[in-house]
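Here's the letter readout for the chains.
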Amino acid sequence: MKKLNVILSSLIILFSLTAYSQSNDKLVSSKTHIKFFSHTPAEDIEANNYTSVSTLNKETGEVVFSVPMQGFDFKKALMQKHYNSDKYLDTKTFPKAKLKATITNFSEFDLSKDGSYEAVVEGELTIHGVTKAIKEKGTLTIKDNMVSAQSTFNVTLADYGVEFVKGKPSSNIAKTVEVTVLAEY
Amino acid sequence: MKTKNKKILRIIAILMLAGFVIGGSIMLYLFNMPHRDVQSAKADYVLTSNQIVSEYLSDMDAANQKYLSSDGESKILEISGIINNISEDFNGQTVLLLKGNEDKAGVSATLISNTSISASSLKIGDSVKLKGVIRSGASFDEDLELYENVILDKCDISII
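Sequence lines, in order, name chains L and B.
Residues in the first sequence are numbered from 0 upward in steps of one, following numbering that gives the first Met the number 0.
Residues in the second sequence are numbered from 0 upward in steps of one, following numbering that gives the first Met the number 0.
These are computed hints drawn from the structure, not numbers from a lab.
Derived DSS-like pairs (lysine-lysine); straight-line CA-CA distance at most 25 angstroms:
1) L:K80 to B:K153
2) B:K65 to L:K97
3) B:K128 to B:K65
4) L:K74 to L:K86
5) B:K128 to L:K30
6) B:K128 to B:K103
7) L:K99 to L:K34
8) B:K103 to L:K99
9) B:K153 to L:K75
10) L:K91 to L:K174
11) L:K99 to L:K134
12) L:K174 to L:K131
13) L:K30 to B:K153
14) B:K65 to L:K86
15) L:K30 to B:K103
16) L:K30 to B:K122
17) L:K80 to B:K74
18) L:K74 to B:K153
19) L:K91 to B:K74
20) L:K75 to L:K86
21) L:K91 to B:K41
22) B:K153 to L:K97
23) B:K41 to L:K80
24) L:K25 to B:K103
25) L:K75 to B:K74
26) L:K97 to B:K103
27) L:K74 to B:K41
28) L:K86 to B:K74
29) B:K103 to L:K91
30) B:K41 to L:K75
31) B:K65 to L:K80
32) L:K34 to B:K153
33) L:K97 to B:K74
34) B:K65 to L:K91
35) L:K131 to L:K86
36) L:K34 to L:K131
37) L:K34 to L:K97
38) B:K74 to L:K74
39) L:K91 to B:K153
Hey, can you work out the whole structure from these sequences and the hints?
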């Protein structure tokens, strides 16, 4: 079984190498979109970030996202200020968030032809300088030799030491926000 | 005596009303405060893409301290450099990478929609000067195994 896996993954590597004609095992994407969405009875808040960099290792299924935290754009300027402030995400002290994970069922994927796979992503998420283990589901799509990844998951801000204790922001920002991640490699 | 009381009451009522109106408008202003207009603001620093990258690679903490602001309204930079790559992000905005051939990292600049010089007229190898707000600095990321660029947003091209 182990031998088969080795053969399979070597084949995948070989295929991907020829398909992408790249010497490196890592696909790099700077075409990304990270959205966060917060819903409370008071208001819905959405922020978008198109400035992240991501890599996907074609051999191991390791996926990395580096997210410039000040790259989130909010509709309202005051929200953006609250979000960045040292009372909240403190983006001056922690300018980047990071996802470092592995697609655990990656060996089942065939990147050499068009297809769509449900990926199990397991690893670590670092926000606000706090690292937590995560396990989420995502989708990996291959179309015309282009690999794209997508995932939507929830983040409980208090887990990362991000909390507004009082005032308007504490009632208007959800304790758990929905994060959507998209990358085209 | 009665008229005097009435007068005082009226004054109090007027003062309270004025207070509500002023307080309310301040709240409303804060809530709907417009985003900072990066392009009408003066640049805080004028640099080349090589200079800002070197500054970040030699001491990231010092550079973050210098260029990032805690409310997210970080420094406005005017950067000149050579276009190394032109791409489009998921928001449909043109992204220019300013980077010298010898440099480890460059400046990734997301343009505004209506730039003063049409983005479609730009090509790789062109020398440009642009102004925008810094979002993050350059550094080597060991998980990505590559150098990350300085991220500049809300950019307009000032001189070609």
